[in-house]
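Since the structure of chain X is provided, determine the placement of chain A on it from the hints.
As given, the protein sequences belong to chains X and A, one line each in that order. According to the numbering used here, the first sequence is numbered sequentially starting from 1. According to the numbering used here, the second sequence is numbered sequentially starting from 1.
In silico lysine-lysine, DSS-like type, Cα no more than 25 angstroms apart, as pairs:
#, chain 1, residue 1, chain 2, residue 2
1, A, K17, X, K120
2, X, K8, A, K17
3, A, K17, X, K182
Restraint-style ranges between C-beta atoms, simulated for each label pair:
#, chain 1, residue 1, chain 2, residue 2, range
4, A, R41, X, I65, 17 to 23 angstroms
5, X, R22, A, G21, 39 to 45 angstroms
6, A, D5, X, S23, 18 to 24 angstroms
7, X, V140, A, A14, 30 to 36 angstroms
8, A, T37, X, S179, 28 to 34 angstroms
9, X, M183, A, G55, 42 to 48 angstroms
Worth flagging that the hints you see were computed from the coordinates, not collected in a lab. Model, not experiment: these values are computed from the prediction. Heads up, the beta-carbon is just placed ideally off N, CA and C, and yes, glycines get one too.
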Amino acid sequence: MADYESFKEALSLLAEAVAKVRSDGEVEPILVGGGAVEFYTAGGIISGDLDLVAPEAEPIEEALISVGFDRSTGPGKPRRGVVHPRLGMGVEVVSGALMDGNADRTRIKVINIGHDRSFKIIPPEDLIADRVAQAVSTEVPDQRMVAQAVLLYRLVLGLDEDYLDKRIRFETGDDADLSTVKMWAEDNADHGF
Amino acid sequence: MQTMDFDGYQEQLARRKLELGIVIDPELYRNDGSRRTESKRALLQELADNAAAQGRPVRFKANY
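Only chain X is shown next, with the shape it has when bound in the complex (with noise of 0.2 angstroms):
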C-alpha cells in the first residue's frame, strides 16, 4: 500500500477511535509528533508511527484496537502503544497535557476526514517550536531537527508569527526565536529545504 494511503487509513481509524472516546465522554487525544510533522508535510517526512497526548492512555488504546490495532504485549514487546498488523503503523500515547500545558488550545486544529469523523492536532507553531527546541538542545543544533522547523515554516500557510515566536522562546529557554528560524532558512535554501 502507498504511503499515503496507509497513512491516510490510519489517521481514518485514529478518528474512528475519537468518536468512540468521545462518546464514551473521555478526553480527545492529539496528534503531535512525527504523525503531526507527516500531515504537515503532506507525507514529506514519514513516521513510523502516530504519538498522541491525552490525559490518559487507555481510553484511546482500547478505542484503537477496537478498530483493528493490536496491542504489544509479552516478553520483549513494547509495554506501550498499539499497533496496525496490514499497515505497518503504531500508536503510542503519552499522557498528561499538550506542550505541558503551554500551548494555547484555543489553536489546535480539527481535522475532518471521512464522514462525520474528525482528530485533534498540535497546532503547528506549537510544532515548529518543538522542533526548534530539539534543534538547540545540543551544543551544535541538531541539523535534522533545524531541516524539519524550516521545512514546516516554509510550508504550513497562515501561520501566526508572534504566537510562533513567542513559543519559540518559551520553549527554548530564549536561545532561539523566530528570527531563528528564519536564519536557518535562508542559510539553508541552497540545501532543499
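Chain A only, in chain X's frame:
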C-alpha cells in the same frame, strides 16, 4: 478551534511544495533516534519485524 478538511489541506500543501520548488530528501530530516524512549524503539522494531515477517518493506526508515 479551526476545522480543516484532510484531503483539501493535503492538496494545498502539495501545491505549496510545487510552488516553492521543494523536493524533499528524507535523509535530511530523519530523526537520529538518540532521544527515543525504550518503548518507542521497541514499537518501531516491532513494526519493522512485522513488515519483514509479511514480506513487505517498512513504510519508514528509522534510526534506533
